[in-house]
Amino acid sequence: MSELDWLPQHPALGQAITQARSLSPGEQLRAAIALAGFRRDTLSTLRIDKLAQGARDDGNVPAGFQFRRLAVMASSTVEHLIPSIRVAALDRRLILDVQVAPYGQFRQVVLEDASFLETSRPDFALFILDEAAALAPVPVGATRGEVDAAIDAEIEALSILWHRTRERFGAVVLQQTVLNTRLPLFGSYETSVPGAPSALIDRFNQRLAEAAAASGVLLVDVDRQAAWSGRAAWSDPVYWHQAKQAIGPFVAPFYGDLVARVIAASCGLSRKCLVLDLDNTLWGGVVGDDGIDGLVLGQGSAAGEAYSAFQNFAVSLAARGIVLAVCSKNDEEVVEAVFARHPEMRLKRDSVAALVANWDDKPSNLRRIAEMLDLGLESFVFVDDNAAERAIVRRELPGVAVPELPDDVARYPFVIARAGYFEASTFTAEDQSRVRQYTENVRRSESFARATDMDAFLQSLEMTMEAGAPRREDIARVTQLINKTNQFNLTTRRYKEPEVERLVQDPNSVILRFRLTDRFGDNGLIAVIIAQPHGVAPGTLLIDTWLMSCRVLGRGVEAACLNVLVAAARGVEATTLLGEYKPSGRNAMVHEHYRRLGFEPGDEQPGGASLWRLDLSDFMERDTFIRIRQ
Amino acid sequence: MTIAAADTLEGLQDICREVFEDPSLQLTLETTAEDVPNWDSFTHLNIVAAVEQRFGIRFRTSEIESLKNVGDFVEMIDAKRKN
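Residue numbers (numbering that gives the first Met the number 0), protein chains in the order written: chain A, 0 to 629; chain B, 0 to 82.
Keep in mind the hints are simulated off the structure, nothing from the lab. Here the structure is a predicted model, which means the values were calculated and not measured.
DEER-style ranges, computed between Cβ atoms:
no.: 1; chain 1: A; residue 1: A135; chain 2: B; residue 2: D6; range: 43 to 53 Å
no.: 2; chain 1: A; residue 1: V139; chain 2: B; residue 2: E29; range: 49 to 59 Å
no.: 3; chain 1: B; residue 1: A3; chain 2: A; residue 2: E78; range: 28 to 38 Å
no.: 4; chain 1: B; residue 1: E9; chain 2: A; residue 2: A587; range: 53 to 63 Å
In silico DSS-like pairs for lysine-lysine, Cα to Cα no more than 30 Å straight-line:
no.: 5; chain 1: B; residue 1: K67; chain 2: A; residue 2: K243
no.: 6; chain 1: A; residue 1: K243; chain 2: B; residue 2: K79
no.: 7; chain 1: A; residue 1: K347; chain 2: A; residue 2: K271
no.: 8; chain 1: A; residue 1: K495; chain 2: A; residue 2: K581
no.: 9; chain 1: A; residue 1: K347; chain 2: A; residue 2: K483
no.: 10; chain 1: A; residue 1: K483; chain 2: A; residue 2: K495
no.: 11; chain 1: A; residue 1: K483; chain 2: A; residue 2: K581
no.: 12; chain 1: B; residue 1: K67; chain 2: A; residue 2: K49
Residues from chain B that keep clear of chain A, each with C-beta distances beyond 12 Å, as calculated:
no.: 13; residue: A3
no.: 14; residue: A4
no.: 15; residue: Q25
no.: 16; residue: A32
no.: 17; residue: N68
no.: 18; residue: E74
no.: 19; residue: A78
C-beta atoms are modelled at their ideal positions from N, C-alpha and C, and glycine is treated no differently.
The following block holds chain A by itself, in its conformation from the complex (with noise of 0.2 Å):
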């Protein structure tokens, strides 16, 4: 659990490090920065530290970074945790020059010889005591009132020690939690005995807490987190007896980022908005689908409660301050009606202060929310379930934090949480009052650029589609998909199991069904075709059904389809391929499909739909980035 698991995993990292070393100092750095954005070991920040350092040796802190100083006075050994934090500083925008105090001289630095922190010239100043030094054994009987008096004794002298290094050198000073791994010599009954040697610890960091509150010093609390990870894989014995590390080299990533994150606060560049996903998200289910009944929301089931559950928790965030969007490949009515209708729906449409919902891709829309809320996209997280949206917008906006996700929407708050992008050096009366604030703000602004390089994207996608007519263990899903598809659906025709046997089994039809893989796994069963022949007209093959998942949008799997289908219909003897487009109240995302594909307009139908048509005689094979397996 010391593992920073909200950080993408990279595909080769050690590689990428060794790879890095070759070039020039300012990419050195710019390198550095990206492999700090992943999941990372030890030995990976060591040396993501090492790369860092080599390059800085010019001075420069790229655009968008603060540079700081700080000054670390431990009581333990320290040393092996400082790449840590100065690697996390990295991915939080921050360039970090970290001095140690000599060890265990964390009084003298600050009292008697100054020296230490005269060079160091620190902004900020970040003391560390470990069990024994905070506090002066307390014999087991000792009463509530004389464990207090000795604690308060203690934490006195530690605030002389702040308000010293806060005045005579101008730091903001962070003030390290105690971590107890004492262990309890009651069990459960621990907290009852007041000199118990674990419930001591507990105390004097709740004493700590509030003095710290009460002289502006900010607090690095590392035993909360330590409480949520577990206390026995932060502090190994071993490694205590070997070189009194009192947190152990395991949890040194983690730990550095819990300091990284509390300066980077303190600095202004901690996160403020929280853009969302919807389908599969937000709720369970695709609403265009599904339908806005259909949803996996609220109470009636456990996976339609994990998703309210997340929904409380991005309200929460709200009430503390955080700004709220929506970012959504949907129709924006079918959107609003979700907002409107579904009774279970915790998020309310007035806290979220941009929504935007249409078929473009993620990366513009982004681009747009941040117009829209006048926010810069590094002070964006974005939540998607889908790995390849994910993979898009860090692709495209490094500057925008995606965490990376587990398969259950159970675990979503907790990742998140953890990933700390939200934390707060302060809290007032504006924050809470944020959203509201963000909401009247927004504008809409209508042109806007879009810079993406979607076919470098889509290649690296390393898509490919294997088409061909279903199998005989396909027929269940294929009729499956026939019956549930509503938005990429070109006429809505549904048909039943035998239906489809049927089809498969006639030598003059054309029934294809196409799977697509990219790197990030198997889409499965993505489309499907049906094409018969056209009564009136000799050669003529009539598209009876075209539909497609909505998870594939926007890769060109439309044309290759097309590719495919041409060369089905070639074989069936077919000149010519008609289409059709019949409006169903929930496809007009397809209206345009044939006319996209460079198919001929014919003659209108009632009812809105309409026939298109294309001349198999001169027809190109189609560009995309998909292999296609027969």
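Put chain B on the given structure of chain A with help from the hints.
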């Protein structure tokens, strides 16, 4: 050398190449800390931690101090990987 030991030696060598940022570093069973520039006590603990993390094993306190050469290291890792 057994196949298992050769595999362990290679894994240890990979880690040391990363720790020392030397992609051409060659370890043998006879290599000692003195043979490798910058293999001090701080680096030694970094290597131990990386070995524990990447091989998924744990050393005893006494074992970490008793390591005399790469051969000892490999033998100890191997014994723990078998369990």
